[in-house]
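Once you've looked at the hints, dock chains B and C against the given chain A.
Which chain is which? The protein sequence lines are A, B and C, in order.
This note's numbering puts the first residue of the first sequence at 1, with every later residue one more than the last.
This note's numbering puts the first residue of the second sequence at 1, with every later residue one more than the last.
This note's numbering puts the first residue of the third sequence at 1, with every later residue one more than the last.
The set of hints was computed from the structure by calculation and includes no laboratory data.
Accuracy of the hints is not assured; some may be wrong.
[As the list claims (entries may be wrong)] Here are the simulated lysine to aspartate or glutamate pairs, EDC-like style, with alpha carbons at most 16 Å apart: (1) Lys334/C <-> Glu335/A; (2) Lys176/C <-> Glu172/B; (3) Lys281/A <-> Asp33/B; (4) Lys113/C <-> Glu192/C; (5) Lys176/A <-> Asp183/C; (6) Lys236/A <-> Asp342/C; (7) Lys334/B <-> Glu335/C; (8) Lys114/A <-> Glu88/A; (9) Lys332/C <-> Glu327/A; (10) Lys113/C <-> Asp195/C; (11) Lys332/B <-> Glu327/C; (12) Lys334/B <-> Glu335/A; (13) Lys334/A <-> Glu335/B; (14) Lys281/B <-> Glu458/B; (15) Lys334/C <-> Glu382/A; (16) Lys281/B <-> Asp33/C; (17) Lys113/B <-> Glu382/A.
Bear in mind that the values here come from a model prediction, so they are computed numbers and not experimental data.
In case you want the letters, here they are:
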Amino acid sequence: MSKEVKPESVSLCPLGMTAAPEQELLCIFGTGDFGRSLGQRLLQTGYRVVYGSRRPHSCGPLPQGAQVMSHEAAAQSAGVIFLCVHRENYDFLETLVTQLKGKVLVDVSNNLKKNVYPEANAEYLQRLIPGAHVVKAFNTLSAWSLQNGPSDASRQVYLCGNSAEAKQQVVETATKLGFNVLDRGTLSAARELEDFPLQLFPEWRLPLRLAFGLTAFFFFYLLIRDVVYTYVEQDKDISFRIMVSLANKVFPIVSLIMLSLCYLPGVVAAFLQLYRGTKYKRFPDWLDRWMLCRKQLGLLALGFASLHVLYTLIIPIRYYVRFRIAESTISKIKENQTSVFDTTMAWRVDSYYAMGILGFGLYLLLGISSLPSVSNALSWREFSFIQSKLGYLTLFFCTFHTYLYGWDKFLRPSYYKWYTPPGYMLCLVVPSVVMALKLVILLPCVDRSLTRIRRGWERTDPEGDSKKSLLT
Amino acid sequence: MSKEVKPESVSLCPLGMTAAPEQELLCIFGTGDFGRSLGQRLLQTGYRVVYGSRRPHSCGPLPQGAQVMSHEAAAQSAGVIFLCVHRENYDFLETLVTQLKGKVLVDVSNNLKKNVYPEANAEYLQRLIPGAHVVKAFNTLSAWSLQNGPSDASRQVYLCGNSAEAKQQVVETATKLGFNVLDRGTLSAARELEDFPLQLFPEWRLPLRLAFGLTAFFFFYLLIRDVVYTYVEQDKDISFRIMVSLANKVFPIVSLIMLSLCYLPGVVAAFLQLYRGTKYKRFPDWLDRWMLCRKQLGLLALGFASLHVLYTLIIPIRYYVRFRIAESTISKIKENQTSVFDTTMAWRVDSYYAMGILGFGLYLLLGISSLPSVSNALSWREFSFIQSKLGYLTLFFCTFHTYLYGWDKFLRPSYYKWYTPPGYMLCLVVPSVVMALKLVILLPCVDRSLTRIRRGWERTDPEGDSKKSLLT
Amino acid sequence: MSKEVKPESVSLCPLGMTAAPEQELLCIFGTGDFGRSLGQRLLQTGYRVVYGSRRPHSCGPLPQGAQVMSHEAAAQSAGVIFLCVHRENYDFLETLVTQLKGKVLVDVSNNLKKNVYPEANAEYLQRLIPGAHVVKAFNTLSAWSLQNGPSDASRQVYLCGNSAEAKQQVVETATKLGFNVLDRGTLSAARELEDFPLQLFPEWRLPLRLAFGLTAFFFFYLLIRDVVYTYVEQDKDISFRIMVSLANKVFPIVSLIMLSLCYLPGVVAAFLQLYRGTKYKRFPDWLDRWMLCRKQLGLLALGFASLHVLYTLIIPIRYYVRFRIAESTISKIKENQTSVFDTTMAWRVDSYYAMGILGFGLYLLLGISSLPSVSNALSWREFSFIQSKLGYLTLFFCTFHTYLYGWDKFLRPSYYKWYTPPGYMLCLVVPSVVMALKLVILLPCVDRSLTRIRRGWERTDPEGDSKKSLLT
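Next comes chain A alone, as it looks inside the complex (with noise of 0.2 Å):
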């Protein structure tokens, strides 16, 4: 850029240094997947690209434009070498200490799993060749990424290193290239970098354990009420029932549970900052990872609706179902009786179908929005216009259809075999708490306090002023 230099050069090159004659040279070590795709991305971005191998005559197809050389012959003609070796083959670096003291060594290698070393790769690297500035960069991409040019989330580079200058030079080629890099400091930092790609899923850890701990409950609870009790007092085997009915008891239930403890600790928090008077103080720590993983909680509980959708939609063929219809039929027409059309039966049941499919039918929007793509197009309001008022109308409609399952089994004594409440009445107590203490906040008066907090309002303490918090 900078205009000034426009009348020293040529008339078509006012661009100082992008446009200068010889472009930049870098070199690469290794000719793997990922050494390949480096190199045929920094030659499309204009850079020119030497690799360094062991066999220069005989290294396999590199992309076109690069130069293949020694190790010792490429590194001394660049100043910045791409890594990409795996760990276990650093050593041969020890030859060549003094072609690579001042240069910057850009490493971009990973483990194939946590904790196999003592110390991080880059750590290793720097190490090893004290003279050269390590930079720990590329790694969390792939071969892939590089190769198609970098999207959405892979766009994202992350670096460290003990040398300022030589993270700069990182970061200009990164960012020449497409990307947006994240500095994050010396190389201690290399290990975390590392870990990156490593991850698997943790912040789906908390909400699949609960998940699946909720699932066993509920599954031994229901097969001790229903099967192993049918067995028990009227010695019948319905142990076939587990497939289909059970899970049908059991995925609704853990559902609905899941949904509303999405719901729960945004209502704890806004409890909690009342009852403070302050919206400055930090949350307990487990109420902070709480929040942090609503989206994962709410987003199992839809994938157990949606099971409990498909169940619920075979039920009429089953075989058990047909076969227990058929019998109906037949023993109503031998005994002659006449059934009459029940109208509070037919209300009720479908309304309860309709509370499920409406109900069905928000949670799978909910999901959508929670999309990357969806939710980074929506602006805040919108989002949290969803989230929060489509998901409170969400569970409201979950519990009523639940609710409306119940009816009036609640008071009946029947229903409660070995003293036990069935598994409906249980998972109702989360989501009604949830909903009354929702109920409590949208009260005006608590509103508008709720609303001046969270603007910064605190409540008056002796030592300071009310206006303190805003401007600090």
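Okay, now just chains B and C, sitting in the frame of chain A:
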């Protein structure tokens, strides 16, 4: 880059300004969520950050590496000051008028509601501190997106301000943080920028109103034709049918009408272009607005279609349906009827369902290809193939599905209760018209004219030559 | 930035050329959609824009702030000219040969079809105006994406041209507009760039052909086995079963085969690597092509599975099914049969459905994680966990589902009508083979060898040492 500079500088620092020995210092007023996130992000990108605080020694947790000073000292130390404070508290700035003179003051504030104040926050700020160069920027970002680095849609930053130099400084910082910047002009655009985060689905309003209106109309229409008619004429209460049967008539009707309304404006526009003989005249406003909300119309239609599918699939587990089926079997036996299998009926019902399923499958495909990340990955031709060709196929399947539902009822007078046509007949009008018009457009002679017009050709008119419009 | 420069310049203008007193002037020829959108975007980013028009005084609405001049004057005033005109109208440029000499001429044009002209538009342009530096660029963007700012996939801009300096100028402008630029070399690449927007799912062709072929084959196979066989042997017309029953046999068969074809190439590749003892030999071409379309195979398989689910769920509301059920109930009563509940049957049918639902649920999960925005948000390990581990689990569930469907029919000769096996037996071949081979690969000894090979180890061969390949 810029190899020429290399000789003059230290070996590892060939990078002009960016690798300058001391990194730029930026100042942030306000230590709330946004202030802290912004500071952290700036530090990660390599800036030095100083916070201005009324209580520099007790202002809560700040990002590592940031300094804290009094407002006065902080303002003096930096050239750019980010003001992360609610508008209600701008008045403390009046005491800093001298320190802020000539500085760039970045207003990131938003309001909770539209039109609360007579002037935009940034304009108010400029009036308060006339000596500073106020720039409105970053207000569309959340603290969250700042902390996590920019992603797709949240990568866009809008700014406005009266000083081009001040804006340029903010542009540079935003670009370094990884954002794309759009300059919206002078500070008079601040109001518009401050309204962005308060938007609540502006482009969904028209389609939502239409959907609501159609739903209400058809609900009452069918309520009268079905429930009220039966009550008046046959004195039977079938009000329980509202929850599922009636809803399952309203949803597909609204869905089909809205789907065809997606495609109607395109057809109308084509005829308008044919009539005018040019594509260079603007469409009337209503048509423009209509064409801009086609995506929303289609997605709402898909929502209604999904509800229709779920409502249809629960039919066999409804109490009413089971009761009716049992009744019919029992009556058959009692009256010793022998019903004959009707092959035509089987063909018709199965075709009806198959059309519905295939239509819904294509519908889903259209919906999925509307997801931002999917449509972004499609070439223009691919997108138009899906939305246009497959879209019309979807419309055809769904319309045919409805015709099969009607079958021979169109001609039987008994279906015209109280001289009103059934709902599905009403809903067939718009799609039938759209498909007829589309067929006309597909006629080779019409298609040829239209293609020529869309490539820029104009029907010769007295005052010009046919070519001009192509070049201007 | 670069604080050092500050003292020398005006206090607020330390930014080289970008804040230079006068912003760069760019010229646009053509005032169509694309020309106008480009101009608006350039103006928003801070450029000055002049339009060249044959009728500067009557060329329709232009973005605010842009000037309009005659082509001659506009071309002379700027160094870079964007040509937003259809190729058919390039000839007017011939009159501007002198004004365009030495200018950068950016060709953004596309054609409506491939291979209409013998040479690419940009090459033709270069031949027309040999004195200009033609750069092909921006043609993959739509006017729409220009107006709305770049988003994920549409952020990529390709360019090519013979003059490195000219290209560099366009790169700078594109970068300032927020795009990532990929240089595709000299102008001979223009044809390729012009074909990009005309692509119609090139990577979907092979999978679509396969899906179509399988569907056609199994449709006729089952048509003969079911409908024709019944007609010939029992003289009964059950052709109505084509619409739903037959389709609902074809869809799951094709889906399962295509799902297993997703996983077959991975298994084949593993055995090939084991056999060759190295990962450094290229796979045969057919295997490469196969592996590149696995995602498309999987998504098509998911589409067929979804149709299978919908077709299955409407079973109980089909006329044919209701008729059959009523008939069977009536005949039971008439013949006074007492049917006994078969617990094994209940277990089998319920397990069959449960496997199907769980398989389909996982299937959906695989599909969702293939959405670009979701897969971008996953780390490499997470993505491979879902697509590989969960993928094989899906395949297992779906195969098991099909085996349960077959149950004991595999051994009954009556099911082999006309000596042909039923469709579901045929479709079990490929998945069973894939799963058997995968089990072999999972054996500890095989797995260990494979992991070593994939880390770069090579089976020792006479002329080399086992280590070389790791470094080169």
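The hints, checked one at a time:
no.: 1; hint: Lys334/C <-> Glu335/A; in the structure: holds, 15 Å
no.: 2; hint: Lys176/C <-> Glu172/B; in the structure: holds, 11 Å
no.: 3; hint: Lys281/A <-> Asp33/B; in the structure: holds, 12 Å
no.: 4; hint: Lys113/C <-> Glu192/C; in the structure: holds, 13 Å
no.: 5; hint: Lys176/A <-> Asp183/C; in the structure: holds, 12 Å
no.: 6; hint: Lys236/A <-> Asp342/C; in the structure: holds, 13 Å
no.: 7; hint: Lys334/B <-> Glu335/C; in the structure: holds, 15 Å
no.: 8; hint: Lys114/A <-> Glu88/A; in the structure: holds, 15 Å
no.: 9; hint: Lys332/C <-> Glu327/A; in the structure: holds, 10 Å
no.: 10; hint: Lys113/C <-> Asp195/C; in the structure: holds, 8 Å
no.: 11; hint: Lys332/B <-> Glu327/C; in the structure: holds, 10 Å
no.: 12; hint: Lys334/B <-> Glu335/A; in the structure: holds, 13 Å
no.: 13; hint: Lys334/A <-> Glu335/B; in the structure: holds, 15 Å
no.: 14; hint: Lys281/B <-> Glu458/B; in the structure: holds, 11 Å
no.: 15; hint: Lys334/C <-> Glu382/A; in the structure: violated, 63 Å
no.: 16; hint: Lys281/B <-> Asp33/C; in the structure: holds, 12 Å
no.: 17; hint: Lys113/B <-> Glu382/A; in the structure: holds, 13 Å
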